[in-house]
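Student: Turn these sequences into a full structure, and let the hints guide you.
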Amino acid sequence: GGRMIPNHSISTYRGDLNLKPYLKLSDGIDFWESLEGMRVQIHNPRVVGFRGGQEEFESTKPKSYLNLYVVADGHIDISDQATAKGGIIVDLPNKDLNPEIIQIVSNHLTFPFDSSTVFNVGDLLDSTLVGVLGYEKNIFGNGEYSFMLPREEEAEALTKFIKNKKTSLVPLPDKGVTRLEPTTDHLTIATFNLENFAGNQPNRMHEFAKAIQINLRCPDILTLVEIQDDNGLDFLNGSTAAYTLKKLISMIICPGSNYQAINIDPVTHSEGGQPGGNIRVAFLYNAQRVGFQPRGNGDALSETRVDDQGNLTHNPGRVFPNSKAFKHTRRSLVAQFLFKGEKVFVIGNHFNSKLSDASYWSATQPPKLESDSHRILLADGINQFVQLIERRSPGARIAVAGDFNALLSESSIKVLEGEHLTDLLRFIDPRNRYTTNYNGNSQLLDHILVNNILMQQSPEIEILNINSDFMGRLSDHDPVISRFRF
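Converting from the sequence shown to the numbering used here requires adding 9 to each position, the first position being numbered 1.
Please keep in mind that the hints were generated in silico from the structure rather than gathered at the bench.
Please note: incorrect hints may appear among the correct ones.
What the hints assert, rightly or not - Quick list of simulated restraints, FRET-style, between CB atoms: (1) Gly247 with Asp317: 34 to 40 angstroms; (2) Leu364 with Gly247: 24 to 30 angstroms; (3) Asp183 with Asp317: 26 to 32 angstroms; (4) Pro264 with Arg188: 16 to 22 angstroms; (5) Asn212 with Ser418: 35 to 41 angstroms; (6) Arg188 with Lys146: 56 to 62 angstroms; (7) His215 with Pro30: 57 to 63 angstroms; (8) Ser420 with Pro30: 30 to 36 angstroms; (9) Ser467 with Glu45: 41 to 47 angstroms; (10) Gln302 with Leu101: 38 to 44 angstroms; (11) Pro264 with Val49: 54 to 60 angstroms.
Note that the Cβ used here is the ideal one computed from N, Cα and C, for glycine as well.
Tutor: Pasting the structure below:
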């Protein structure tokens, strides 16, 4: 019954917003600007994301704060972008970045609601919140609008929710289990960004092993992203991750399996990520079902090629590791497998992030989004390598998987696909096409692409939202799994 919150454009203005002569209240950034410093009321907020509190399963730093991302009138679903769990999807082609999301902050100026409370995406705070709308800088130096609750009596919805809320985290089996199980005639290939995963995180390691066993149902080949070295952020002892991978495998309980690791350690402190962590892409494969023949002796900067017999000269190998495009970025890893007598090549990837992009809420509109230019170069290199495999090894099955830090509609994904690959995520319902949640926006950053031959083998694809919708998450990404009939 109050003011209608814009639910499409953050800004349709072009230029410096500080020079804009008037506010256009159908633009999200102008709408919230018109309310800055005012006492406002929102009804029945629905949680679409969170930051802090019980967000992480095993936190490496204290999270005494808790910010919630909500949409008003959450009991009424009028959005065609709502997910099955009650979140909200980014619609980049239509430039809909969900300006209706409200950030409720808890800090020294606000009512300190209990940060130990477990919130999940879709939770409805069935009451009213009254607070003050402010504008402040975040940890990235960008500005953002914040809803602050100054007094307990004005936080009725939260206090009521907290009073009746269970404090236990949702167990892994209840978060979703894939139906894409390996069979005699079916090969499964999955990808999972483990978010700065090192060998000195035993509790988290045990849960990841359970997720591989329970939720992913023991995939044949698993692309692992953001594997750190054995000692995590410690700068000593180089970049080896042998212990990290060996220990993870020892905790995976998949009857009849024999998991082995494939890894090439990066040049120390050279490929980005947390300082000292030496993140990289690695593989696990079930040697009981999938063949792998090591070849060559490829190291971090050795160029792997495809010989006249259609085999990798270094197996595993790194794709164009000396290319300028991969400078200061995680190199892509390729491995050649055998399943039912057929060659299967898998390329694991972790493209550069969006951290260099300006905020969509910045004063200059439209914001400068330059990170995809770098990803386009990486995508073009991977596509060229796929073509090289196909020329030298006709009939080869090729999968390209990992965290590409790009939405399905971004140019880098289109370049990566070209005429030789198809992104299987195109076949998932757009409202459930997401693998991460950033500031309440559910969005797709992890992909599995296959070449035209593998595309003919009855491909199936699933996203398991076991992290982005739940507190106590193991990672800030969800796993993706695919299956093919041989």
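Student: Evaluate each hint against the coordinates.
Tutor: Now for the hints, and whether the structure bears them out:
1. Gly247 with Asp317: 34 to 40 angstroms: Check passed, 36 angstroms falls within 34 to 40 angstroms.
2. Leu364 with Gly247: 24 to 30 angstroms: 26 angstroms Cβ-Cβ, so the 24 to 30 angstroms window holds.
3. Asp183 with Asp317: 26 to 32 angstroms: Distance hint for Asp183, Asp317 is violated at roughly 52 angstroms.
4. Pro264 with Arg188: 16 to 22 angstroms: holds, 19 angstroms
5. Asn212 with Ser418: 35 to 41 angstroms: Holds, at about 38 angstroms.
6. Arg188 with Lys146: 56 to 62 angstroms: Taking Cβ atoms as reference, Arg188 and Lys146 lie about 45 angstroms apart, which means the hint is violated.
7. His215 with Pro30: 57 to 63 angstroms: holds, 59 angstroms
8. Ser420 with Pro30: 30 to 36 angstroms: Roughly 34 angstroms apart at Cβ, these two residues keep to the hinted range, so it holds.
9. Ser467 with Glu45: 41 to 47 angstroms: violated, 54 angstroms
10. Gln302 with Leu101: 38 to 44 angstroms: About 42 angstroms separates the Cβ atoms of Gln302 and Leu101, which means 38 to 44 angstroms holds.
11. Pro264 with Val49: 54 to 60 angstroms: holds, 56 angstroms
Of the numbered hints given earlier, the model fails hints 3, 6, 9; all others are met.
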